[in-house]
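Number of protein chains: 2
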Amino acid sequence: MTESKDVNAGSTASKERVAQFNQRFDFGSYAETRQFLDELAELSKRDDYYPDVSFGKTYANISIDGEGQAALREMNSTFIADMQALVTKTKN
Amino acid sequence: MTESKDVNAGSTASKERVAQFNQRFDFGSYAETRQFLDELAELSKRDDYYPDVSFGKTYANISIDGEGQAALREMNSTFIADMQALVTKTKN
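Taken in order, these protein sequences are the chains called A and B. In terms of the working numbering, the first sequence opens at residue 180 and continues consecutively. In terms of the working numbering, the second sequence opens at residue 180 and continues consecutively.
The shape of chain A in the complex, shown without the other chains:
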């Protein structure tokens, strides 16, 4: 997950007019975290879209910047909704 430095604020400001999408998911076990990450990988391959992901034993944080959100909109992708649906499925 990269942070934009002030020195580039001008050039990145226009690109980042849309706020970055960040969502954290917490899981009950590492196995659940892995299952989510594996299924997220399938979504990424389906849409050829690869968000920035950070994870540990029982959490995953997904970040999608303004550019990424625009790209997903352009291809009418349901990536975000499908990702959120994965979590409800993983936890049942």
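Don't read these hints as lab results, they were simulated from the structure. Certain hints may be false.
Pairs count within a copy or across copies, as identical chains cannot be separated in the list.
To be verified - Computed cross-link-like contacts, EDC-like style, restricted to lysine to aspartate or glutamate with a CA-CA straight-line distance of at most 16 Å:
| # | residue 1 | residue 2 |
| --- | --- | --- |
| 1 | 268 | 205 |
| 2 | 236 | 226 |
| 3 | 268 | 221 |
| 4 | 236 | 221 |
| 5 | 224 | 211 |
| 6 | 236 | 217 |
Given the structure of chain A, go ahead and fit chain B onto it with the hints provided.
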């Protein structure tokens, strides 16, 4: 990957005397990134140690804080060396 806030600087300073270990690996394809992450998961299960990982399509960044490094030393784990060896294997 969490950043320590100033308000807790006192309490985290002692824990973070050892500098955080950060290593970024860049890959030629998403398939290589996935292979590395899958093999890293096996190392994590072997040592019951789960570093903070952030990744995108063709990179992975591994962070191990002072506490994690102390835990790995205590169990004479070769986690870091084995992780680095994975990369040379993944890229061949």
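Here's how the hints hold up against the structure:
no.: 1; hint: 268 with 205; verdict: within (13 Å within a copy, 32 Å between copies)
no.: 2; hint: 236 with 226; verdict: between (26 Å within a copy, 12 Å between copies)
no.: 3; hint: 268 with 221; verdict: within (15 Å within a copy, 24 Å between copies)
no.: 4; hint: 236 with 221; verdict: between (20 Å within a copy, 13 Å between copies)
no.: 5; hint: 224 with 211; verdict: between (20 Å within a copy, 13 Å between copies)
no.: 6; hint: 236 with 217; verdict: both (14 Å within a copy, 14 Å between copies)
The structure fails none of the hints (numbered hints given earlier).
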